[in-house]
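Each chain, written out:
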Amino acid sequence: MNVREISWSGGRGLVVVFAKGDEFMAGMKNLASTYQLSGASFSGIGAFSTSLLGFFDRSRMEYVKIPVDEQVEVLTLAGNIALNEGKPKIHPHVVLGKIDGSTVGGHILEAHVWPTLEVIIHETPTTLQRHTDPETGLALLNI
Amino acid sequence: MNVREISWSGGRGLVVVFAKGDEFMAGMKNLASTYQLSGASFSGIGAFSTSLLGFFDRSRMEYVKIPVDEQVEVLTLAGNIALNEGKPKIHPHVVLGKIDGSTVGGHILEAHVWPTLEVIIHETPTTLQRHTDPETGLALLNI
Amino acid sequence: MNVREISWSGGRGLVVVFAKGDEFMAGMKNLASTYQLSGASFSGIGAFSTSLLGFFDRSRMEYVKIPVDEQVEVLTLAGNIALNEGKPKIHPHVVLGKIDGSTVGGHILEAHVWPTLEVIIHETPTTLQRHTDPETGLALLNI
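Protein chains in written order, with the numbering used here: chain A, 1 to 143; chain B, 1 to 143; chain C, 1 to 143.
Heads up, some of the hints might be wrong.
Claimed, not checked - Label-pair distances were calculated between CB atoms; the ranges are:
1. B:58 to A:33: 12 to 22 Å
2. A:20 to B:125: 23 to 33 Å
3. C:33 to B:60: 48 to 58 Å
4. B:100 to C:21: 26 to 36 Å
5. A:9 to B:25: 46 to 56 Å
6. B:136 to A:86: 35 to 45 Å
Stated by the list, open to error - Computed footprint of chain B on chain A; a stretch qualifies when at least three of its residues, placed anywhere within it, have a C-beta under 8 Å from a C-beta of chain B:
7. 12-19
8. 37-47
9. 61-74
10. 88-100
11. 117-130
Said to hold, decoys possible - Among chain C residues calculated to face chain B with C-beta under 8 Å, some are:
12. 7
13. 52
14. 57
15. 58
16. 63
17. 76
18. 91
19. 105
20. 109
21. 129
22. 131
23. 133
No lab work stands behind these hints, which were simulated from the structure alone.
Glycine included, each C-beta is placed from N, C-alpha and C at the ideal position.
Working from the sequences, and respecting the hints, build out all of it.
So this is what it looks like as structure tokens:
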């Protein structure tokens, strides 16, 4: 376990409202570049019309794809932004709710917003870095 | 996608502990009025004795009701507070856990706390506004 | 419902990255002691190799155990740290995602990280206290 102490004073925040049809990952990458975010956590709620989730399969060391081809509530969206090879990388997990209240979740690979997604971003006043882990090939946070 | 930059410095916080029997939506509305909250995000954990969730049905443009008539853990409560027609509106999503670990989730319409619900509210140092979207009839965040 | 107003200015933050094989509860207790955390909220994402969840059974006034003996994504980790009888107590709830996207959740009793768990801790600039509730035997937040 590694720990880095930070101070929240001086950290910027962003309130982000995605509109109908916006794709989440493209929007977040765009935002991270525009605001030069090199360290941040975020959370959000809203709804998706279609989404593609991922589960990291330890036996194959790759993401299994979980398509969700129906309108769902975004019950929780949680994640962070860190630099990987000099570029901001978005790491988002989500729990989605269906019309009967049942849930499905995973890592977001792609997600289309409808009618809205309300995200609050909390910048950390220090850069967060990822480095590739040789065993898994994943870019893990390295602080 | 619309974005508004804020500064967290100077923002108030509220630690809120709901007691046995408290109804969540009534408590949050009361709190938002008392503290004149016009922009905030919140998160929480705890447990509900009975709850009524909603799923926004795109084909009917209204909330389908999902009753949960059993004791559940509140695994995640996430949402925000914004002004709608001059009054604070609470927008809460939740994932609930049952005795076998299975989950159910949605938008909270009504929820009764037992034995506790621990909520942390983070005020945004700027007012957030909602406006009615003509297509859905929903009051969407408009920043 | 009890409420305490706080100011976020001056609050410390901690970015914590758990490594392969770390046990979550032991790590958090260790961290709370090292940094003398007497009031904080936290959130996180990552993955567990095995975990043991709990559901507080109202009829028996004790935790029912829910073993999760497979690799899962940590879709949301949410909780807080408060003092109980002078020692920091960790109160964590979690939603886990399986390889098919199905979810399971509860109170974390024990959880082994693989390959990572990324947690952000937000200190409240005031001590939070728990007191034992006679009816349930649970240490509830008392502000």
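Evaluation of the provided hints:
| no. | hint | result |
| --- | --- | --- |
| 1 | B:58 to A:33: 12 to 22 Å | violated (32 Å) |
| 2 | A:20 to B:125: 23 to 33 Å | holds (29 Å) |
| 3 | C:33 to B:60: 48 to 58 Å | holds (53 Å) |
| 4 | B:100 to C:21: 26 to 36 Å | holds (28 Å) |
| 5 | A:9 to B:25: 46 to 56 Å | violated (33 Å) |
| 6 | B:136 to A:86: 35 to 45 Å | holds (41 Å) |
| 7 | 12-19 | holds (count 8) |
| 8 | 37-47 | holds (count 4) |
| 9 | 61-74 | holds (count 3) |
| 10 | 88-100 | holds (count 5) |
| 11 | 117-130 | holds (count 3) |
| 12 | 7 | holds (6 Å) |
| 13 | 52 | violated (11 Å) |
| 14 | 57 | holds (6 Å) |
| 15 | 58 | holds (5 Å) |
| 16 | 63 | violated (10 Å) |
| 17 | 76 | holds (5 Å) |
| 18 | 91 | holds (7 Å) |
| 19 | 105 | holds (4 Å) |
| 20 | 109 | violated (12 Å) |
| 21 | 129 | violated (11 Å) |
| 22 | 131 | violated (11 Å) |
| 23 | 133 | holds (6 Å) |
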